[in-house]
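*Asks:* Chains as they are written, first to last, in this note's numbering: chain B, 60 to 330; chain D, 60 to 330.
Think of the hints as simulated: they come from the structure by calculation, not from any bench.
Cβ coordinates follow ideal geometry from the N, Cα and C atoms, glycine included.
Be careful, since some hints might not be right.
To be verified - Far from chain B by the CB rule (all over 12 Å, computed), these chain D residues: (1) 69; (2) 90; (3) 123; (4) 157; (5) 266; (6) 271; (7) 274; (8) 285; (9) 306.
What the hints assert, rightly or not - With the Cβ distance kept under 10 Å, some of the chain B side facing chain D (calculated, not the full set): (10) 60; (11) 86; (12) 130; (13) 200.
There are 2 protein chains.
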Amino acid sequence: LLIDGEPRDRVPGRDRGLHYGDGLFETLAVEDGRPCLWGRHMARLAEGCRRLGIPVPDTAGLAAEAEREIGGAARGVLKILVTRGRGGRGYAPPREPRPMRLMELSPGPGHPPSWRTRGVRVRRCGMRLSRNPALAGIKHLNRLEQVLARAEWTDPDIAEGLMLDTGDQVIEGTMTNLFLVDGEGIHTPDLSRCGVAGTMRALVMEAAREQGIPVSERPLCWSELERARGLFLTNAVIGIWPVRELDGRALDPQVVPGPLIDAVRERGFIP
Amino acid sequence: LLIDGEPRDRVPGRDRGLHYGDGLFETLAVEDGRPCLWGRHMARLAEGCRRLGIPVPDTAGLAAEAEREIGGAARGVLKILVTRGRGGRGYAPPREPRPMRLMELSPGPGHPPSWRTRGVRVRRCGMRLSRNPALAGIKHLNRLEQVLARAEWTDPDIAEGLMLDTGDQVIEGTMTNLFLVDGEGIHTPDLSRCGVAGTMRALVMEAAREQGIPVSERPLCWSELERARGLFLTNAVIGIWPVRELDGRALDPQVVPGPLIDAVRERGFIP
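One chain only, chain B, in its complex shape (with noise of 0.2 Å):
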């Protein structure tokens, strides 16, 4: 781990981001020793920070933390952790905080290669996220919800599983966005009371613009997804992944429009 960039195992026992999940993450892929989709990490990062009114780290200094931490390290996983630091009293934010960053490298998740070219197969989870617009799209460290729903299942073979909030609408998976396709296009859940403004989400939705696949953000219901034509899952690390199992029924993996693909990989993500 590189913390508040020095090469040490451990941070502050009183740092917020232990003690109230005060502060946010960022995990980026990293290919031929890059990180992949810098600038749109960096560009979330950044306004997380000024919604939880946590100074906004130096983006030089952070780029330069991430080659020191990836090193020789030709793929990988790279995680970005920035809290506010220590000191405030009790939940009160100190007035001049110290924000902390803590730099993980690990390797790439290890997910079979299937999973993207035949698809994963999902549950649905019974755990229920929350709502709170003013949390929702922020990758911010309260994620207890995830954890739980993540302690849902065991069998490895299950890919993800998908959370409803607590006012039925799906939202997203448990560390993926989730892409619905129809004879329209495709739709993706609104995030505007709950959910995680996933950067390759971000992508997607603007390959899809410029190719002319119409794109739609608005609540999804279940009965939507059992009527599907298709599912897909997105996330930083694993690019896309079609979902060819949903609770048992199969769905067709082959639905992820081609150009979606190929505009992913053209745009520096090449996993």
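With chain B's structure known, arrange chain D on it following the hints.
*Replies:* Quick look at chain D alone, frame taken from chain B:
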């Protein structure tokens, strides 16, 4: 700090408490060198661990560590934080978690003593609490909503901010539970969808019932607060604070039933 029983200032950088808020905590008053309401705090900690699927720490071991962390101090505030520890892949919890324990003794919070006798000034927060029955009541580490609510004011004479949930119900203060007093008895918000089920809240409710004071636990809306005879706040460190002003409107701070205050003192809580 005492980390896993060892005196040190830093915690493992891969701890799930930092990465996901995957853990919980207790905050205890220390009086005469002893932690107050120990049994209640341990019971709530155990219940929270069970609900999150975290192995329940050995209470005798925690007691020994608490005694060590308190050392020769007569008074203070003891924080006990327990996380799921390290491990697992992404959000998936490890099969055999090894929880991390952190103990921290701080000096008392330093609130003016008059707040207990003459009452406190309180405001209404704009930040809302999200609803999720799966997490309601637990004093877990996902506290961004409290952090953002507490960041709404800096006036040191405002003791607390009250929070509504996303469904317009009044739930609690950022760090306290709320009671409303009217001609019928005392009322405190239902916490089945959000909020922290405070140990002092439970003690006050029990004491009221024993004293023959009617208690209700039910949904409360803001207009009821505006019509109330009075309000008071509770937590394990402050005990009871009457409210003397709500958003600029004066309230009678002499509404807390005397027998309640006596009962709280008698039950081993004497701040």
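*Asks:* Run through the hints listed earlier and report the numbers of any the structure violates, in increasing order.
*Replies:* 1, 12
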